Structure formats: structure tokens, C-alpha cells
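Engineer: One-letter residues, chain by chain:
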Amino acid sequence: MRRGTGCLLLALLPIGCELAQVTTAIPESVVIAEIYFRVDDDRANGLALLHRTSGFEGEGVVGALIRVRRAGGKWVDFVQESAPNCTEADLPESFVPACYLLDEDEAEGVVVPRARLEVEVELPGGGLLRGTTTVPGDFEVREPLGAPELCSLPAETRLPMAWTRAEGAWAYFAEAEILGLRNALAPKGIVVRTDPITLQGLSISEADTTIIFPSEFGVFNRFSDDSEILLAIQDGLPPSTNAFMVVSALDRNATNWVRGGNFNPSGQIRVPSLFGDGTGVVGSVVNRVARIQIRDPEGDDRRCLRNPTPTAPS
Amino acid sequence: MPRHSVLLLFSILVSSLTPVGLSAQGEGGVEGRITDPDGVPVRAVTVVVSRSSEADPLRTVETDETGYFRVPELPWGEYRIRFLRIGFLPGEMLVRVDSEEAVRVALTLTPSALAIEGLSVQGERSRARARFEDDAGITARELSRSEIQLLPGLAESDPLRAIEILPGVISPTDFSASFNVRGGSSDQNLILLDGFPLFNPFHLGGVFSVFNADMVDRVELQSGGFPSEFGGRVSSVLRVETDPGSGEFAVDGGVSLLAARAAVSGGLGESIREPLGLASGRWRFSARRSYVDQLFKPIFPIPYHITDLQAVGEAWTRGGSRILITAYTGADVLDLSQLSVEDFPLRLRWEWGNDLLGMKWMRPFQAGGMAEAGAGISRFHTNLGFTDFDDTRFRSEVSQLTLFARADRWLGARVRGKAGVSADRYRYDNLAQSGGTVFAGGKGDGWALAGFGQAEWSRPGLWIVEAGLRMEGWQPDEGEGVLVPAPRLAAKRFLAGGEFALKGSVGRYTQFVHSVRDEELPLGIDIWILAGERAPHVVSDQIQVGVEGFPGGDWFAALDAFHRDFQGVITNNLADDPNTPSDDLLAGEGRAYGADLFLERRGEGVTGSVSLSWLKAERTFPDFLSGAEDAPPVTYAPIFDRRLDLDLVLRFPNRWGWDLGARWHIGTGIPYTRPAASYAYFSPRQTRGGILRWQSVPPDQLGREDPNEGERPFGVLLGPRNGERYPVYHRLDLSARRRYVRSWGTLTPYLDILNAYNQTNVLFYFFDFAPDPPVRTGLSMFPFLPTLGVEIRF
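Top to bottom, those sequences are chains R and D.
Our numbering numbers the first residue of the first sequence as 228 and each following residue consecutively.
Our numbering numbers the first residue of the second sequence as 4 and each following residue consecutively.
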């Protein structure tokens with residue numbers, strides 16, 4: 228039925244036909260550098276992933292020199308590490324990017340809120356990329372109470388998250404990792420393929436410092452097969468689940484790289500912030516975390532909300 | 004081209020056209036008004052003047068909306084005047100001109116339900132002649148209802164699709180009836196229904212227009228050289244005029260693969276006319292609705308339908324004033340909200356449509372000309388809501404309240420004056436919101452106030468010079484007001500005994516509304532915003548020169564060359580600073596130049612036209628994709644920069660009992676941006692310490708059995724903006740109609756075939772650099788697409 232309806236919808240549109248496949252010219256080999264500076268509650272660090280465009284993945288990105296300094300300050304260097312330190316491990320075998328990290332000792336005093344950072348990437352075969360980023364300002368989570376410590380929230384209750392402004396932030400990206408949904412939703416017949424699941428929420432502009440959990444999370448999953456899960460948690464999480472949340476204040480560069488540019492049928496377009504003999508992003512984020520467990524907060528002094536009220540079913 | 008150079012060129016053109024053979028001795032003229040038996044003026048009557056001793060027409064003019072015509076400066080002598088109008092028996096009279104005073108005549112035409120052999124042909128041909136003799140600098144081409152119906156259409160005749168055959172008109176894709184004229188953006192076309200604007204007159208995101216061809220009397224596209232009475236858009240004016248019928252009861256209906264439709268017309272009975280003080284009244288109403296959703300309802304749901312309701316009424320008072328009321332409302336509804344999640348994961352309701360109500364009052368002057376006033380309101384709205392996620396909303400609304408008054412009268416034997424004022428109240432309200440975040444939006448309103456004056460001096464058969472000034476004022480609710488003087492000047496010099504003419508025009512045009520729709524998407528809905536703090540207003544200086552005439556018999560030929568610049572065009576800034584509300588649009592400039600050749604045959608037998616357009620258009624904007632904080636400018640050819648465009652149209656009336664039509668269209672490729680390479684698209688996961696993830700689409704969503712075969716997204720690095728072009732586009736469309744006359748009326752089945760030889764025209768290329776070697780696939784536009792339908796009239 229579902230497929231039939233989809234076909235009928237398509238039939239409403241005077242669709243064209245697929246063109247025959249032809250081989251095309253070998254693409255350009257371009258270095259892609261993705262460099263992020265991250266300020267957490269208790270530490271700061273940097274991560275850089277270097278790879279190349281399709282067909283040239285991994286070529287000539289090992290052995291690069293990556294350095295950063297506060298404007299006019301002393302350069303500190305990234306150190307090359309194995310790829311799993313930068314990326315999740317499910318990459319295709321043929322794809323071998325180069326990973327570089329700036330450890331917290333080197334980052335101390337350099338990667339701090341409101342710092343303007345200059346970055347240079349010297350490529351092993353010659354070539355240079357340059358970029359700058361301004362780390363967003365510090366901020367703190369107001370709700371849930373007691374963040375970053377674990378707090379308790381009643382089941383089926385929405386949590387209005389709120390935080391203070393991070394100066395210079397272009398957007399806040401809130402990411403929640405929710406654990407326990409597979410078992411919690413199984414009685415309703417809802418299949419949760421992965422547990423934990425990760426959902427994202429978005430607040431645009433420095434002044435937009437609220438988001439409601441979990442109803443305003445998953446904006447990018449709403450029209451996928453995950454929509455059934457999202458519908459089930461619109462009014463709050465079920466019992467016996469918990470969530471780990473990170474609110475990230477993003478600078479201009481990270482925001483531009485994430486949101487991309489205008490339409491092109493061949494793929495996503497991203498707005499770069501690294502320039503020279505390659506392209507990429509040098510972005511910075513300031514993160515604050517919150518941890519929630521779903522349980523009756525009665526008598527619990529770690530409650531997330533002052534006066535939690537279970538959400539009326541929508 | 005610098006502005007002073009444009010003016011200089013124009014001055015040279017005008018000054019080089021030295022008038023010759025001017026003589027006023029022994030000349031007089033004829034003028035008069037044509038009415039029907041009820042005393043109602045009859046507009047668009049072709050008045051053909053010839054010497055009584057000669058068959059060849061000497062002069063051809065047309066009655067205006069007040070039924071008035073004027074043929075000045077005829078040498079003394081005796082003349083035969085013929086009056087031609089579809090729906091009436093031809094009229095004829097002999098007139099002697101023997102003084103400098105114009106001879107005044109009055110004629111009552113007798114209606115005729117029967118088609119007069121050859122009258123339509125003569126009328127159309129003479130109408131083109133009348134325009135040639137009356138208009139100074141404007142480039143206007145029109146299509147009648149019968150011409151529109153003989154053009155092959157997608158499911159049914161479409162007046163907006165039909166104008167694609169006219170010179171200077173580009174439609175970048177098959178999927179949209181949206182069009183571009185002479186290098187202007189599609190939002191720079193003013194689309195008027197009976198003189199009132201419609202913002203987004205399209206169904207299905209642009210596939211069909213909202214106009215029911217049965218209701219249309221004629222469509223006129225003005226593509227350049229607009230006189231000062233026109234304002235509001237800078238690229239073109241498309242005038243769709245509704246046919247209010249003859250006053251007799253009649254029904255036109257039709258069924259196509261798209262929709263079923265009916266138009267009913269009639270007259271006002273005496274019991275209604277008498278108390279209202281009306282001499283006559285006629286009306287026409289039409290309804291159109293797609294039916295496939297109802298047809299298949301018992302079997303499976305089709306959650307989409309369109310509706311159009313249109314009405315027009317025209318009445319003449321006993322005092323001789325004309326009142327016109329026109330109305331339209333239409334909607335597209337895509338309703339997936341009734342489907343279960345199992346049937347379709349996207350439960351939404353999306354509707355959009357236009358509403359228009361307009362009223363005009365017109366009073367003819369005794370000695371020609373008229374006074375006119377009107378008021379109307381036009382609105383476009385769209386609303387997209389999600390059943391399961393009510394915090395996700397997309398809506399857009401724009402409205403325009405129009406008030407105007409104008410007068411037009413002869414100020415002397417050779418000078419005609421026009422003046423008018425208008426006030427337009429615009430309002431818009433846009434919102435795109437999800438998950439508690441407003442991704443885009445804005446609202447505002449503003450007043451557009453305009454006044455114009457225009458003088459036209461003419462020496463029949465020798466010169467027409469038209470000079471005018473339009474003052475355009477704009478006061479938005481936020482931002483500073485502007486006042487733009489917009490001078491217009493046009494001249495036409497007749498040559499070769501009035502068979503040919505050189506013409507030129509120069510003018511400034513302004514526009515205070517923009518659409519932020521990305522024209523590179525083949526389907527889409529215009530989202531309108533107003534000039535003000537967030538967007539500049541458009542100022543366009545334009546010049547055109549041309550030659551046109553009648554090379555012989557039934558042929559008309561015109562060649563125009565033009566140059567236009569556009570200051571204040573906008574594009575979306577997708578790298579805008581969310582903390583700065585005023586930077587989400589980027590102001591830029593544009594330029595276009597080219598030439599349009601139009602060759603047309605109207606007459607007996609095979610008719611048709613050839614339109615050949617050459618265009619070079621460009622746009623310059625700050626390049627936000629560069630990522631630089633101070634974005635450098637990028638100049639590129641917009642998607643509607645089709646360099647060469649040829650349209651060949653042939654009509655074969657009554658061939659083996661069939662009316663046959665053919666259109667062959669060929670155009671050079673439109674530009675696109677070719678990706679230079681692709682790369683793995685990583686996203687940081689902050690809950691995992693900021694580690695990067697190349698997220699694969701879960702394989703079970705792709706219906707694949709191998710769980711390791713998930714598809715990963717790629718980013719693309721772009722080559723030069725619109726630096727490549729798709730292959731040459733060409734397509735042959737055919738239509739065949741056969742009319743069966745029965746005692747109760749007529750039945751006309753038709754067959755339309757789009758892309759008769761199934762040419763593969765490229766809509767998009769998809770470049771995939773992941774395989775070795777890389778590959779390119781894509782999507783084509785319309786394949787071979789036959790449609791059929793039937794029309795009924797009784």
C-alpha cells in the first residue's frame with residue numbers, strides 16, 4: 228500500500244526519465260581539511276581530519292603540519308594520530324583519512340572562549356591552507372537544574388532546556404543520545420534499530436537559547452523512518468530511559484560548514500573557511516552538557532525541573 | 004553599457020530620422036464610435052479605411068475600450084470604411100472627407116452567432132496592423148484564444164505555456180510554466196488578469212497556469228518599451244483578458260487528463276438591468292477541478308487536487324459608463340494528513356492559491372478617450388503543516404490592494420494625453436519554522452504610490468513620438484521611503500509608405516517586490532518579500548531599437564535589439580549571519596542584451612510564426628559560497644540565459660477536417676554549475692567527544708539486503724558558477740483538433756503530443772565521483788507525452 232501510494236504521488240508529477248550513465252572526466256584532487264576546536268566544561272582540544280576528494284582519498288595527507296595560535300601568539304602543533312581517534316570506525320576500507328589532534332595541554336590557554344585562532348596546514352607535498360576562527364563565548368546551562376550533573380525527570384515530561392548566551396555564537400546545536408528506548412518502546416510495537424539513538428535540535432542565532440527536550444529534537448529525522456520513534460517521545464521520554472545531551476555553541480565557520488549552500492543535484496555544498504591549496508573548515512564550538520535520567524523525582528534532590536508537570540498527551 | 008551611452012544612442016537614432024514629405028494641405032479625418040444594438044460600445048473593432056476606388060487598405064485602426072476610433076489626416080476624397088469584429092456582421096460605409104474637420108460617424112454593428120468566413124482571419128490580421136500603426140515603442144505580441152487552443156499543451160491549452168512561443172521568452176524547464184523575458188527574472192513579470200495582478204498563477208509548483216483557456220479572450224505579452232502608464236515590474240507585462248461572452252447563454256466545457264472544466268456565460272435580464280440603470284450586462288463564470296482524486300477514491304487515495312473558479316461581469320450604464328468586475332479564486336491542495344504513517348511517512352497538508360477581486364469603472368469621452376478608475380485586491384498564500392509535528396510550519400502570504408484612476412484624451416489633432424495615479428498597498432508574511440526554531444521569515448507592508456503623465460504626438464504614416472514621466476514612490480513600514488523618477492521616451496518612424504517602421508524607446512522602470520524562490524529549481528512557489536530594510540528596490544534602465552513592418556501580404560516581421568540593466572536584484576544569502584536579520588538577502592545587479600526576431604503569417608491557409616531570440620544575460624552578487632568574510636563578487640549567467648532560442652509554430656486549419664498545430668522549439672543549453680569533485684561528508688558528533696562521522700543512510704531504508712551497503716552522503720566542490728551548459732534543447736509538439744457541429748452545439752476532441760520524437764532533453768546532471776571511473780547520470784525533461792481531451796460548446 229505504501230509503495231503504491233508513493234508511486235501515485237509521483238504519477239501526479241510529470242516526471243522525466245533517467246539519463247543513460249556515461250563515464251565522465253576524472254575529478255580534481257583537492258585536500259579537504261576539517262578542523263574543529265572544542266571547549267568543554269573542563270578542557271579544550273582540537274581535532275583535524277585531512278582527506279582528499281573522491282578517487283584520491285588518503286593520498287598525500289599523512290605527514291601534514293597543522294598549527295594554531297591565538298592572534299599574534301605562539302604556534303602550537305597538532306600531533307598525528309590514528310584515524311579512529313578522529314572518526315567513527317565504520318569507514319570504507321579504501322578510505323584512509325589522516326587524523327591530527329591538539330591535546331588539552333597544548334590547547335590550554337590557546338583554545339579558550341572568545342579567542343581568535345589562526346590556523347595553518349602545511350601539506351606534505353607542498354601547499355598551504357590558512358583560516359581563522361573565533362571561539363564562541365562561554366555559557367552555562369540554566370535548565371536542567373544542576374547541569375552537568377545527572378538530574379531526574381518524570382516520564383512523559385517535556386524539559387524546556389535553557390542556557391545563557393554564548394557571545395558570538397551563530398547557532399546552538401543540541402545533540403541528545405537517548406539510551407533505553409529499544410526496550411521502553413518495544414511494548415508499543417515500535418522497533419528501535421539502534422540504541423542509543425542520537426537526535427539533534429537546532430537553535431539559530433546567539434539569542435535563541437532555549438529548546439524543548441525531546442519534542443524539538445530530531446528535526447532532521449522527522450520525515451524518515453524514525454518518525455515513529457519521534458512521535459512516541461513527543462510528550463517526553465518513557466520510563467527507564469536516560470539521555471546525555473550536549474549543547475554546542477557554534478561559530479560562524481562551523482555553522483556555515485554544517486548548513487551548506489544552495490541547491491546542486493550532485494550533492495551537498497558547504498561554505499568553506501580554510502583557503503589556499505585545498506578547502507575545508509576551521510570551526511570552533513563551546514560545549515555544555517546535561518544528563519537526564521527518567522525516574523520519579525519525588526524525594527530526589529537532583530530534579531531537572533523545579534516544578535515538573537507531566538505533559539498532557541498531545 | 005553606461006547610462007549616458009544609452010541615451011546618446013537613442014538621441015542619434017531619433018535625430019537621424021528626419022521627417023520627409025510632411026504636408027497638411029487638403030487633409031481631414033474620420034472618427035466615430037461603434038456600438039451594438041443596445042448602444043453598448045464595441046471594442047476591438049478593426050476599422051479598415053481604403054479609397055473608394057481602390058481595394059487596398061490605406062489605413063487600419065482599432066476601436067478602443069469605448070468603441071471609439073479615429074483616422075486623422077486623410078487626404079480629401081471618398082473612402083470606403085469597413086468594420087470587422089468577430090461575433091458581428093461586417094459593417095461598411097462610404098465617407099467623403101472634404102474639409103479639415105473630422106467627419107463623425109456612428110455605426111451599429113449587428114451581432115451574428117454564425118462564424119463569418121474569413122472574418123476572424125481578417126480581424127486578426129488587421130488587428131496586428133492597427134497595433135503597428137498605433138503603438139510607438141512598445142513591443143507587444145498577442146495570442147487569441149483560438150491561437151492558444153491550437154498550440155499543443157500539457158493536457159489542455161494553457162495561456163501561460165502559450166506565450167513561450169513569443170520572441171524574448173525563455174522557459175528554462177518543461178516542468179514549469181514560469182517564464183523569463185529578455186534576461187529578466189521571473190518575478191519581474193507583471194501578470195495581470197483584466198488589469199489586476201496575480202502573484203503566482205501556477206498549479207503544481209509551476210506545471211500548469213491557473214488560467215482556463217475557455218475564459219480567455221486574448222493574451223498580450225509586452226516585452227519591452229513600456230510607456231509610462233505601466234509600472235510595478237521591470238521585465239514584462241502579461242495581460243490576460245477575460246471574455247465576458249456575447250450576452251447570450253452559452254456553455255463551454257471540457258475534460259482533459261488534468262481536469263474537468265465548464266464556463267457558463269449569459270446576459271443580465273431586463274428585470275435586473277432596469278432597477279440598476281444598466282443598458283446591458285453580460286457575465287461569464289467558470290469552474291475547473293482536477294478529478295483523478297475523486298475517480299480513484301474507491302480504489303486508492305490520490306491526495307491532490309486543484310480548483311479554479313473565475314468570473315467576470317461587464318455592464319454598461321444608460322449614461323454610457325462601463326463597469327467591469329473580475330474575480331478569481333483557486334487552490335492546490337496536497338493532503339497527506341489522512342494517510343496513516345504505514346501508508347506514507349510524511350503526513351502533511353499543503354495548500355496554496357490565489358484570490359483576486361477587481362472592479363473597474365470607465366467613462367468614455369465624447370471626442371475619444373476615457374476616464375477610468377478601479378480598485379482590486381489580490382492575494383497569494385501557501386500553508387504547509389504537518390499532522391504529527393505541529394511546531395513545523397511553512398507559510399507565506401502576499402497581498403496587494405490596488406487603487407487607480409487615469410484619463411486618456413485627445414488634446415489636439417495630433418496630440419493625445421494620458422495621466423493617472425495609483426496607490427498600492429502591499430503586505431507579506433512569511434515563516435519557516437521547525438523544532439522551535441525560525442529558519443526563515445519576515446513580514447512587512449508598504450505603500451507604492453505612482454503618478455504618470457504622457458503625451459503622444461503622431462503624424463499618421465510618418466511619426467509617432469511618445470514622451471512620459473512616471474514618478475514611483477515607495478514607503479515601506481520599515482526602512483526609508485524612495486521616490487524614483489522614471490522617464491519614458493519612444494519614437495516610431497514609418498517608412499516605405501507606412502509598410503515599415505523604425506522604432507526606439509528608452510526608459511527607467513522600478514519594482515518594489517521580489518520573489519526569493521531559487522529559479523534553478525525546476526518546480527517551486529514564489530515567496531514574496533517587499534523592498535525595504537532587508538531588500539533594495541529594483542531600478543532597470545532599458546533601451547530598445549527595432550524595425551518592424553509588413554513585408555508583403557499576410558506577413559509581419561519585427562526585429563528588436565535591446566539592452567537592460569538591473570540594479571537591486573536579490574539572491575538568498577545562505578551564509579547569512581543569524582545575528583544580523585538584515586543580511587539574509589544579498590543585493591546585486593544584472594545585465595541583459597540581445598535581439599528578438601519575429602516573423603508571423605496571419606491569413607488564409609497555413610499560418611504560424613518564427614521567433615528567434617538571442618540573449619546574453621548575467622547577474623553579479625557577492626559570492627557567499629566563497630566563505631570569505633568580505634565576499635568577493637561573482638558574475639555568472641543565470642539559468643534563463645539561453646543564448647539562442649528558436650520557436651517555429653505552424654497552424655493548419657481545416658486540413659482533412661482537422662485543425663492541426665505544430666510547435667518545434669530548439670534552444671542552446673542553459674547554464675549549470677558542474678561539480679569539480681566530491682568528498683566524504685562528515686558531521687561532528689559532540690556526544691562522542693566531537694569525533695567525526697560519515698553517516699550512512701541505514702541500508703534498510705534503501706531496501707537493500709546487505710546491511711553493510713549503506714549509502715553515504717557526499718559534499719561537492721563546485722566549478723565556476725553556471726560555467727557549463729546542458730546540451731541543446733529541442734522538442735516537437737503536435738496537436739490535432741476536430742470540430743463536430745451538431746444541432747445542440749459543437750464537440751471538439753483533441754489530441755496533443757508533447758515531444759513527438761522523444762528527444763532526451765536534460766533537466767539535471769548528477770555527477771558521481773565515487774566509482775572508478777566517475778560517472779554522470781541525470782534526469783530528462785518531458786518524454787514522449789500524448790494527452791487527449793474533449794471540449795464541448797452549446
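Keep in mind the hints are simulated off the structure, nothing from the lab.
Just so it is clear, the structure is predicted and the values come from calculations on it, not from any experiment.
There's no promise every hint is true.
[What the hints assert, rightly or not] Output of the computed footprint for chain D on chain R, the stretches with three or more beta carbons under 8 Å from beta carbons of chain D:
no.	region
1	361-373
2	468-479
[Claimed, not checked] Just the calculated beta-carbon pair ranges, DEER-fashion:
no.	chain 1	residue 1	chain 2	residue 2	range
3	D	D775	R	P311	24 to 34 Å
4	D	R428	R	V418	49 to 59 Å
5	D	S686	R	D268	20 to 30 Å
6	D	T780	R	R357	50 to 60 Å
7	D	G722	R	L377	28 to 38 Å
8	R	E315	D	I380	50 to 60 Å
9	R	E335	D	L782	47 to 57 Å
10	D	S686	R	K415	21 to 31 Å
11	R	E335	D	V778	47 to 57 Å
12	D	S340	R	T359	41 to 51 Å
13	R	V418	D	V778	31 to 41 Å
14	D	S340	R	D523	28 to 38 Å
[Claimed, not checked] Residues from chain D that face chain R, not an exhaustive set, calculated with beta carbons under 8 Å:
no.	residue
15	H384
16	D521
17	L721
18	P723
19	P776
For every residue, glycine included, the Cβ atom is placed at its ideal position computed from N, Cα and C.
Engineer: None of the hints should be skipped; say for each whether it holds.
Structural biologist: To see whether the hints hold, each was checked on the structure:
1. Figure legend: the region 361-373 of chain R, annotated as covered by chain D; annotation inconsistent (0 residues with Cβ-Cβ distances under 8 Å, at least 3 required).
2. For the region 468-479 of chain R, the stated coverage by chain D holds: 5 residues have a C-beta nearer than 8 Å to a C-beta of that chain, and at least 3 were required.
3. With their beta carbons about 25 Å apart, D/D775 and R/P311 fall inside the hinted range of 24 to 34 Å.
4. A C-beta distance of roughly 54 Å is found between D/R428 and R/V418, which places it inside the suggested range of 49 to 59 Å.
5. One distance hint, 20 to 30 Å for the beta-carbon pair D/S686 and R/D268, holds here, with the actual separation near 22 Å.
6. A beta carbon spacing of about 37 Å between D/T780 and R/R357 contradicts the range 50 to 60 Å that was offered as a hint.
7. The hinted range of 28 to 38 Å is not satisfied by D/G722 and R/L377, whose Cβ atoms lie roughly 51 Å apart.
8. For the pair R/E315 and D/I380, the supplied restraint of 50 to 60 Å holds, since their beta-carbon distance comes to about 57 Å.
9. Between R/E335 and D/L782 the Cβ separation comes to about 53 Å, which falls inside the hinted range of 47 to 57 Å.
10. Roughly 30 Å separates the CB atoms of D/S686 and R/K415, a value that falls within the hinted 21 to 31 Å.
11. A beta carbon spacing of about 49 Å between R/E335 and D/V778 agrees with the range 47 to 57 Å that was offered as a hint.
12. Checked against the hint of 41 to 51 Å, the C-beta distance between D/S340 and R/T359 comes to roughly 48 Å, which is consistent with it.
13. Restraint check, R/V418 to D/V778: a C-beta distance of roughly 35 Å satisfies the suggested window 31 to 41 Å.
14. The supplied range of 28 to 38 Å is met by D/S340 and R/D523, whose beta-carbon atoms lie about 36 Å from each other.
15. For D/H384, the interface hint is violated, since its Cβ never comes within 8 Å of a Cβ in chain R; the closest pair sits about 21 Å apart.
16. Interface restraint check: D/D521 against chain R, minimum CB-CB distance 6 Å, threshold 8 Å, status holds.
17. Because the smallest distance between the Cβ of D/L721 and any Cβ of chain R comes to about 6 Å, under 8 Å, the interface hint for this residue holds.
18. Contact between D/P723 and chain R, as hinted, is not supported at the beta carbon level, the nearest pair being about 13 Å apart and thus beyond 8 Å.
19. The interface hint given for D/P776 is met, as the beta carbon of that residue sits about 5 Å from the closest beta carbon of chain R, less than 8 Å.
This entry does not satisfy hints 1, 6, 7, 15 and 18, going by the numbered hints stated previously.
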